[in-house]
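Asker: Here is how the chains run, residue by residue.
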Amino acid sequence: MSGLLDAWNAIWYRPVAAIRPRLVLRLSLLILAFDIWLLMVRRASRYGAADFNVAHFSWLDAVQPMPTPSLYAALLLLCGGLAFVQAIVGLRRPLMIAATALYTYGWAMSLQDAYQHHYLISLVMLCFCLFPDDRGRPRTVVAWGYQLLLATIAVVYAYAMISKLDSLWWGGSFLAMLTRNKPAIMSVVKQLQGSGLEPSTLWWLLAAVTIALEGFLSLAYLAALFRDRPLPAAPIVPSIAGLAVFFLAANMHIGIEVFGLRIGWFSFYMIAWAAVVFLPVSWLEAAARLVGLGSRLPEKKKAPPRKGRPQKDAPATRAPSPIAAAVAAAAGVACLVLAGLLLDVPGATYAGVAGAVALIAGVALLMRRKAVADAIRFSLVSGGAALVCWLAIASSSTREALDRWYQIDQQRRGAQAATPEPDSPGDND
Amino acid sequence: MIVAPATYYLRGDPFDERFAWRMFSSVRTLRCKIEINERTSKTRGAGTKVDPKRIVPGTWVKHLERAQPKVVAHYLESRCSPETRQVVMSRACLTTSGARGPSSRWSYDCDADLLERQGVGAP
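As you go down the protein sequences, you meet chains A and B in turn.
Read in order, the letters of the first sequence are residues 1 to 429 in our numbering.
Read in order, the letters of the second sequence are residues 430 to 552 in our numbering.
Chain A with its partners taken away, still in its complex shape:
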């Protein structure tokens, strides 16, 4: 029994190269921030339209108010901000828990959002909450949250494969139907047909390859649970295997994008995860060093001071002054409020004000702990996140998408739809 327990513990508590959890967290959160700002916020108009809503869970219907565009967009704007901040400064567990809660409520509040990968991202964020603190930047860490993430992705691929084990998929007819209006895939099909391949054989082949790939990738993620163990005889072997897996995963998801079978940014997440999980540590370290995220080498042991000799003082590093922290906090708050006011999106003002209040509270807490440098960093990064959010949304077609959906809905429902709510904190919605 204890042997079994040891084997179980060995899976979850084995040391992994610290660069993998560090990069997977930051890269995922960076993609997530832009995914939220550019793809999710634009759907805000439909929330609460016709006073009709069904949440993903019945208990949520019983306790929540009718979702509104303002509520939905404000929650997501804040969540995107929290994701962006942690993509820059690294994991801060309370912020990660808050981001996970906001994101999960964001999709759970309504079946308007039925994207399966949004549920997956909630699970991934839950894993991030369990990641180790990477502030020390060690080379290896025990990161059972990361191991759990690998197992989660393995489960997703396994079920994705199982769901295709029906006659429509096996026979290839479903794939043929799914792609019939996609010019990219049709041109490839025509070329292959020119070489004498029967269309039915081709679709069967493509379906079989997809199913086999998903099964293989599931196994590869399970195998990755045991990766980063030093192999004394052949250290090159796991690198080549990892490269091959990454190549296959990336190809499959790039293929999905090219063939126009896009589901949000699902493919981008999957490619990013495959890169961080399967590429060699040395490559990831090199990439991380480029953006200042590399591991720090273990410090040399200091020799103990000799008796009778006074120890030389280490060169004093100037601690940043609280005034600098106050100025940075003011700048951060100003950026948050300004971005909230400038963003032409429902709920943006609420999000800006809520973000500013949270920043003031966070800075006060850090100052109380004498973490002045951290307070300055957080203030500046939060302000930067607000500006990046504003730039991203203002330069996208989010506003047009919000208006267009509203107009179409009004036309369709015979102008019975409620007038759009104005965006100001003084209004009740």
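A portion of the hints provided could be inaccurate.
Claimed, not checked - Keeping only pairs whose Cα atoms sit at most 30 Å apart, straight-line, the calculated BS3-like set for lysine-lysine is: (1) A/182 / B/491; (2) A/182 / B/462; (3) B/462 / B/499; (4) B/499 / B/471; (5) B/491 / B/478; (6) A/182 / B/482.
As the list claims (entries may be wrong) - Anything over 12 Å on all C-beta distances counts as not near chain B; from chain A, calculated: (7) 3; (8) 38; (9) 110; (10) 187; (11) 319; (12) 366; (13) 400; (14) 405.
As the list claims (entries may be wrong) - If you only want the chain B side, here are some residues facing chain A, beta carbon under 10 Å, derived: (15) 435; (16) 439; (17) 451; (18) 453; (19) 456; (20) 483; (21) 484; (22) 486; (23) 487; (24) 489; (25) 492.
Keep in mind the hints are simulated off the structure, nothing from the lab.
Note that the Cβ used here is the ideal one computed from N, Cα and C, for glycine as well.
Add chain B to chain A, keeping to what the hints say.
Answerer: Chain B in isolation, oriented as in the chain A frame:
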């Protein structure tokens, strides 16, 4: 993680694919049409045909066409009024080959606060 998707295959409702990791599943290939009728105490027969597209946004109509159980139940219930006594949704699907696919009928009795389902997707 493993159990939540597995419940999809056990609960006998092929249309609620949430949490089951069924991206690009063949269930979506069905072309389904719905018809909704509302009966008052005065109407006879099948009742008055109502177009849901004129009542709720298109996203919800898609959920109705896919027979998302929670949406169907909530929609039918929401149509009850002092005059409306019963709301019935019929759904008929065609497969990719044009053959008749699954069909179902959902009926909500406003007075008894009772939802009945018949056909594929029924418990």
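Asker: Would the hint on residue 435 of chain B stand, with a C-beta cut-off of 10 Å toward chain A?
Answerer: 8 Å, holds
Asker: Once the shortest beta carbon distance from residue 489 of chain B to chain A is found, is it less than 10 Å?
Answerer: 6 Å, holds
Asker: Hint validation: residue 486 of chain B versus chain A, beta carbon distance must be below 10 Å. Holds or violated?
Answerer: Interface hint status for residue 486 of chain B: holds (5 Å vs cutoff 10 Å).
Asker: Interface hint check: residue 487 of chain B, Cβ to nearest Cβ on chain A, cutoff 10 Å. Holds or violated?
Answerer: 6 Å, holds
Asker: When you look at the beta carbon of residue 187 of chain A, is every beta carbon of chain B farther off than 12 Å?
Answerer: 20 Å, holds
Asker: Would you settle whether the hint for residue 483 of chain B is holds or violated, based on the nearest Cβ-Cβ distance to chain A being less than 10 Å?
Answerer: 5 Å, holds
Asker: Compare the distance between the alpha carbons of residue 182 of chain A and residue 462 of chain B with 30 Å, and conclude whether the hinted pair is satisfied.
Answerer: 24 Å, holds
Asker: Classify the label on residue 400 of chain A as holds or violated, using whether its beta-carbon is more than 12 Å from each beta-carbon of chain B.
Answerer: 18 Å, holds
Asker: Checking one constraint from the list: CA of residue 491 of chain B to CA of residue 478 of chain B, max 30 Å. Satisfied?
Answerer: 18 Å, holds
Asker: Would you mind confirming whether the straight-line C-alpha gap from residue 499 of chain B to residue 471 of chain B stays at or under 30 Å?
Answerer: 29 Å, holds
Asker: A closest beta-carbon separation below 10 Å is what the hint needs, so does residue 492 of chain B meet it against chain A?
Answerer: Interface hint status for residue 492 of chain B: holds (6 Å vs cutoff 10 Å).
Asker: Less than 10 Å between beta-carbons is the criterion; does residue 451 of chain B satisfy it with respect to chain A?
Answerer: Since the shortest Cβ distance to chain A is 4 Å, the answer is holds.
The earlier numbered hints that this structure contradicts are 9, 14 and 16.
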